[in-house]
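Take the sequences, apply the hints, and build the full model.
Going line by line, the protein sequences match chains A, B, C and D. Numbers in the working numbering are just positions in the first sequence, counted from 1, shifted up by 38. Numbers in the working numbering are just positions in the second sequence, counted from 1, shifted up by 38. Numbers in the working numbering are just positions in the third sequence, counted from 1, shifted up by 38. Numbers in the working numbering are just positions in the fourth sequence, counted from 1, shifted up by 38.
Misleading hints may appear alongside valid ones.
As the list makes no split between identical chains, a pair holds if one copy fits it or if it spans any two.
[Unchecked claim] Derived lysine to aspartate or glutamate pairs resembling EDC-like cross-links, with alpha carbons at most 20 Å apart:
(1) Lys401 <-> Glu113
(2) Lys403 <-> Glu113
(3) Lys403 <-> Asp76
(4) Lys241 <-> Glu202
(5) Lys241 <-> Asp74
(6) Lys241 <-> Asp132
(7) Lys241 <-> Glu223
Hints listed in this document are in silico derivations from the structure and should not be mistaken for laboratory results.
This is what each chain is made of:
4 protein chains.
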Amino acid sequence: MSNSLGNNLKLTIFGQSHAPAIGCVIEGLPAGISFDWDAVNAFMARRAPGRSALSTPRREADVPEIVSGLNERGETCGAPLAALIANRDARSDDYERLRDLPRPGHADYAAWVKYGGHNDVRGGGPFSGRLTAPLCFAGALCLQLLAVRGVTVGARALSIAGVEDARVDSTEVTPAMLRAAASREIPVFDESALGRMRLEIEKAAQAGDSVGGVVEAFALGFPAGCGEPMFDGVENQLARAVFGIPAVRGVEFGAGFAAAAMRGSGHNDAFRFDADGAVRTRTNHHAGVLGGISTGMPVVMRAAFKPTPSIALEQDTVSLSRGENARLSAAGRHDPCIVPRAVPAVEAAMAFVLCDMLMGREKEKWT
Amino acid sequence: MSNSLGNNLKLTIFGQSHAPAIGCVIEGLPAGISFDWDAVNAFMARRAPGRSALSTPRREADVPEIVSGLNERGETCGAPLAALIANRDARSDDYERLRDLPRPGHADYAAWVKYGGHNDVRGGGPFSGRLTAPLCFAGALCLQLLAVRGVTVGARALSIAGVEDARVDSTEVTPAMLRAAASREIPVFDESALGRMRLEIEKAAQAGDSVGGVVEAFALGFPAGCGEPMFDGVENQLARAVFGIPAVRGVEFGAGFAAAAMRGSGHNDAFRFDADGAVRTRTNHHAGVLGGISTGMPVVMRAAFKPTPSIALEQDTVSLSRGENARLSAAGRHDPCIVPRAVPAVEAAMAFVLCDMLMGREKEKWT
Amino acid sequence: MSNSLGNNLKLTIFGQSHAPAIGCVIEGLPAGISFDWDAVNAFMARRAPGRSALSTPRREADVPEIVSGLNERGETCGAPLAALIANRDARSDDYERLRDLPRPGHADYAAWVKYGGHNDVRGGGPFSGRLTAPLCFAGALCLQLLAVRGVTVGARALSIAGVEDARVDSTEVTPAMLRAAASREIPVFDESALGRMRLEIEKAAQAGDSVGGVVEAFALGFPAGCGEPMFDGVENQLARAVFGIPAVRGVEFGAGFAAAAMRGSGHNDAFRFDADGAVRTRTNHHAGVLGGISTGMPVVMRAAFKPTPSIALEQDTVSLSRGENARLSAAGRHDPCIVPRAVPAVEAAMAFVLCDMLMGREKEKWT
Amino acid sequence: MSNSLGNNLKLTIFGQSHAPAIGCVIEGLPAGISFDWDAVNAFMARRAPGRSALSTPRREADVPEIVSGLNERGETCGAPLAALIANRDARSDDYERLRDLPRPGHADYAAWVKYGGHNDVRGGGPFSGRLTAPLCFAGALCLQLLAVRGVTVGARALSIAGVEDARVDSTEVTPAMLRAAASREIPVFDESALGRMRLEIEKAAQAGDSVGGVVEAFALGFPAGCGEPMFDGVENQLARAVFGIPAVRGVEFGAGFAAAAMRGSGHNDAFRFDADGAVRTRTNHHAGVLGGISTGMPVVMRAAFKPTPSIALEQDTVSLSRGENARLSAAGRHDPCIVPRAVPAVEAAMAFVLCDMLMGREKEKWT
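Below is the structure:
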């Protein structure tokens with residue numbers, strides 16, 4: 039079903055921006071895990087709104103309440119883990135106007151057709167970026183499961199409004215670099231890029247406009263042999279998950295679209311034995327994935343985010359009730375650039391998918 | 039499971055390049071359909087090898103044999119449709135060498151780890167591009183189901199080896215343009231680009247090398263309201279399907295990666311009522327999809343293909359049996375550029391996914 | 039996944055008996071439905087504990103809180119509907135004893151092995167009959183969806199402790215009979231059986247023991263052509279759902295096990311045209327299902343419930359911590375017979391499965 | 039989807055009785071397995087028609103052809119294993135008559151409604167018992183995977199036409215007893231019952247009639263901790279699979295329907311430590327399953343088969359084309375009792391489901 043993800047772990051997300059709550063159910067977690075809830079909340083805080091002058095003024099604590107899945111010691115008990123995140127600072131008004139005038143670049147019109155006008159229009163309903171909060175919750179758990187197995191997942195803003203962070207060879211990315219990026223207001227490798235990105239965001243905001251950007255995510259230490267051929271390979275599943283984050287318009291791995299203009303001799307990554315006896319490649323155009331299966335090299339994914347569609351500038355749209363063209367100025371609280379808060383969502387999606395695959399690998403040891 | 043696709047229709051693909059056969063099972067086809075088998079075979083022929091000087095000399099008729107799913111009149115009968123495509127011109131030799139020396143850019147090494155050395159190495163086994171034949175078969179059926187509902191799916195080579203076909207606004211693409219492209223040796227809109235592309239392919243082939251490219255696919259007439267939110271939206275499912283085609287390294291929709299550098303005011307597509315009373319957008323940066331749900335505008339997807347990894351040039355690799363570095367010159371028959379034959383595979387993937395979604399839309403009329 | 043049910047609608051259940059809450063997520067409900075919540079709560083009350091001298095003294099209001107899935111008018115909005123039911127009257131003590139001494143006839147030992155001792159032992163954890171509350175919630179919604187399409191689902195206690203309710207030919211069961219049964223303390227057709235059943239339950243309770251029984255469920259007005267061949271037929275899916283209710287040990291349809299001793303000429307139900315032009319059978323040994331597909335005749339299912347395993351009588355068991363045999367007297371609150379409260383759970387399971395199938399039928403009209 | 043089974047292994051079955059072939063695809067088999075194909079064929083032969091005077095005279099070799107999934111050494115290679123079984127001795131005639139006059143007790147009428155008259159009527163189409171051949175093939179592979187892990191699955195005819203085989207306590211059933219039963223014309227424990235069963239079958243056949251029976255299946259050595267709570271427990275999944283075998287009308291486990299009349303003190307199986315340190319129960323009313331999870335005791339399932347609906351005696355039916363009542367005498371080749379050939383199908387279903395669960399258990403060791 040549409041709101042579910044995963045083959046071994048299964049995540050089901052529910053909620054709307056202004057419903058009483060959003061949340062998720064995670065089936066298949068191993069029993070006996072004591073998660074570090076402070077670390078979970080710290081991860082959630084990276085996505086939460088109202089933490090920076092760059093994000094929407096809506097403030098939500100976004101502290102998940104675990105309603106099932108733990109035993110009396112607080113360990114996972116084998117039953118599905120369900121978590122709720124309350125929607126507190128929801129301001130829903132003028133529903134009829136929202137229902138009547140679909141916002142350009144938003145799901146309003148498509149949802150109006152699909153659900154026959156019964157869709158929840160308040161705050162974007164189930165299409166709100168707020169739905170990435172339960173994704174981040176699930177990802178935060180998976181990050182911990184991966185960490186004890188030596189796998190680090192992290193991401194950064196590769197570009198915002200055309201301003202680029204430092205280009206780095208994926209074979210040189212370290213967990214420390216990813217941790218440093220995560221600690222910054224905009225998660226970048228090169229702090230000098232941060233100021234220029236902030237400037238572009240502020241300029242757009244002042245103009246009643248918005249900007250987009252590209253997020254680049256890495257998995258370090260992910261072992262070879264994970265992922266399934268054809269439709270459940272590493273790329274297939276990561277892409278399916280990442281397109282679940284609102285505003286993503288493209289996903290690429292390794293050399294990505296640039297590979298289309300390369301020659302095979304330049305794109306192929308030669309295998310070599312390293313001194314430790316491991317097979318590695320010197321270059322990593324293949325982004326740690328061949329035939330949908332991991333090779334042990336860093337997994338590298340980039341996701342393109344469009345500029346936030348909610349802008350203060352007046353735009354053309356239609357009045358669905360009156361059947362005529364209309365003008366719309368989207369008031370309300372929104373991020374002039376969602377990329378800084380999207381970075382943990384991309385990390386979460388990658389962590390969930392890779393954790394699911396690593397778990398599935400256990401079955402192959404059955405022979 | 040890994041080899042299956044679809045929520046309403048379900049496609050399961052099986053086979054290896056040099057197994058007795060490849061094939062697929064399609065569950066959920068409506069009963070009572072009389073497919074045009076000549077049209078199916080004509081579509082399959084666009085993908086089949088050995089038809090052009092640009093493709094591998096391996097020759098396969100690729101005429102699917104329907105082993106179940108039809109009644110005595112040749113109509114679909116409600117039971118799963120199973121089709122087999124024989125592997126005839128398979129030349130498998132020197133298995134031990136293939137098993138020992140993983141080809142750079144191929145799944146050999148990853149599969150060797152995953153399957154503990156038991157993977158089928160002959161001709162790439164299940165990772166061969168040959169597995170797109172059953173995908174094309176399923177897509178060919180879906181193209182017919184879509185056509186009777188007014189939906190046209192087609193694709194073209196947007197670029198090969200850096201040579202670009204004509205840039206066209208997606209709102210101006212017509213079924214006739216897609217049919218014309220399909221009839222060409224390399225499916226392009228602008229015939230003058232074809233010659234330059236062919237030249238680049240030939241130059242690379244002469245150098246023992248290979249080139250990549252970008253395929254752009256369109257769905258025209260696809261109605262608003264299809265696709266499911268979150269993880270089963272149009273982009274999620276198309277991306278999951280298209281990354282099942284070997285050599286795809288990136289997927290983008292509409293403005294795609296370019297959207298990341300745009301402002302919201304420039305990227306948002308304003309809604310307007312057309313004279314016929316339909317809601318449309320003048321521009322189509324959103325590629326006919328908002329919130330994962332179709333809007334009725336053309337669906338536009340681009341997929342980046344890496345250069346064929348099998349090249350005649352000698353490359354570095356490892357000897358898995360001897361545990362030491364080695365050199366490899368990939369003999370064998372291969373395409374110096376798989377893009378021309380990948381175009382129908384991308385069309386097939388898009389046709390299957392959109393047909394599945396259109397069928398799922400029926401349930402929403404239940405209210 | 040294990041906690042999910044359905045192909046078109048999807049129900050995911052979570053919770054443990056003494057976790058903060060139990061609940062469910064339902065994906066795929068049509069948009070625009072205004073459910074009758076009083077009727078939902080009335081249905082839930084039939085299952086809720088503490089309503090009768092025959093059931094456990096634990097008292098729970100069991101009023102579900104809808105946390106997502108409705109728009110501001112209270113209609114379904116197309117997003118997943120999530121509901122929570124708080125666990126209030128939970129008395130969990132002596133966890134170590136519960137963890138040490140598995141109760142005969144309970145999941146304690148099996149769960150201890152499966153989850154490595156991390157299972158939630160409080161009140162039976164996720165194996166508690168309490169988990170049928172979210173099932174009843176989902177079933178209550180489906181009963182309403184079915185009712186507007188002319189389908190009535192109901193059930194009765196066919197026998198308790200060997201005391202039988204009236205034998206009735208399934209072709210003569212009416213919605214009124216099912217409503218009348220639902221209104222009784224023990225849902226039976228023949229009120230005179232009720233007193234004898236109650237007597238047997240009380241006798242067993244006084245002896246510190248428990249009794250079982252058989253529930254018989256009916257679907258009237260369910261149209262022909264629903265259900266899928268092989269593994270998703272009416273029987274397959276109903277059986278899969280009903281075995282999710284704790285204590286079910288057998289499921290049969292129509293003549294059921296008795297069919298094994300019949301001859302074909304006696305078991306086959308002849309088809310006849312009725313005066314209204316409908317094809318019906320005079321007898322209904324086939325229980326409205328042939329080849330897994332509905333025939334339009336009443337669907338008839340019987341589920342056997344074992345006697346409640348929690349009994350006051352002292353029993354043999356093992357001490358898992360000490361590795362030696364032990365004795366156990368299960369204190370705590372429990373039903374001496376769960377059949378009266380299981381009847382709505384069986385109805386709910388049947389309603390959910392048939393509603394899911396009826397919805398799936400929409401896709402077949404696509405031709 | 040309807041024709042698929044399994045969470046870790048996935049079986050997809052296709053075909054119709056008179057299509058060119060029937061077959062299946064099995065995803066998820068471990069790589070590197072060398073199956074004993076003679077043993078597979080021997081198992082298939084137990085189900086194959088034409089081997090006994092008691093079965094249909096249709097003769098089919100039923101030797102599966104493996105078209106994919108093996109490497110050049112004949113080992114599983116990780117890719118889906120696809121197998122075809124040709125339909126050779128198919129005699130299809132008088133299609134219009136078959137389409138017009140639905141046979142009582144058969145799926146003809148239900149399928150006619152479901153598929154709008156396009157269903158394959160030849161030999162029962164996809165509803166034929168012949169579709170159990172691919173199930174038996176998959177089961178035969180699973181029996182081998184289970185055997186190397188110390189698990190034996192087998193079954194016997196517990197009763198035919200009311201004639202009962204020896205009642206045996208499930209704790210006393212041995213692999214040798216199951217092997218002996220499998221070698222008999224009718225698989226029973228007590229050879230003296232066989233003659234009486236055969237007599238009843240012959241009497242019914244001479245009268246142009248048919249008889250039913252009950253199959254009892256056992257899994258010995260199946261370890262504790264397998265199966266998932268709620269809807270994927272041992273009973274849920276076995277029931278879902280077994281109702282996929284045509285003519286099954288009821289499924290029960292352990293004490294089954296008889297449990298409904300027992301008291302808790304009599305039905306509960308007390309846990310005890312055995313001399314070898316294992317926890318076992320003395321009695322096995324619970325059939326090796328509590329809370330859907332295996333306990334390590336023998337799994338015991340009984341499935342009731344109705345008498346073969348195809349009988350020579352003339353019966354009432356309807357003419358769908360003329361819209362009036364009609365008479366039908368089912369000519370054609372059929373088994374007067376399908377129970378002997380159904381025994382291996384039940385074994386296969388049990389073997390597949392338990393193998394799938396045992397494989398899934400691997401993931402739980404991930405903690």
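Hints violated by the structure (listed by number, smallest first): 3, 5 and 6
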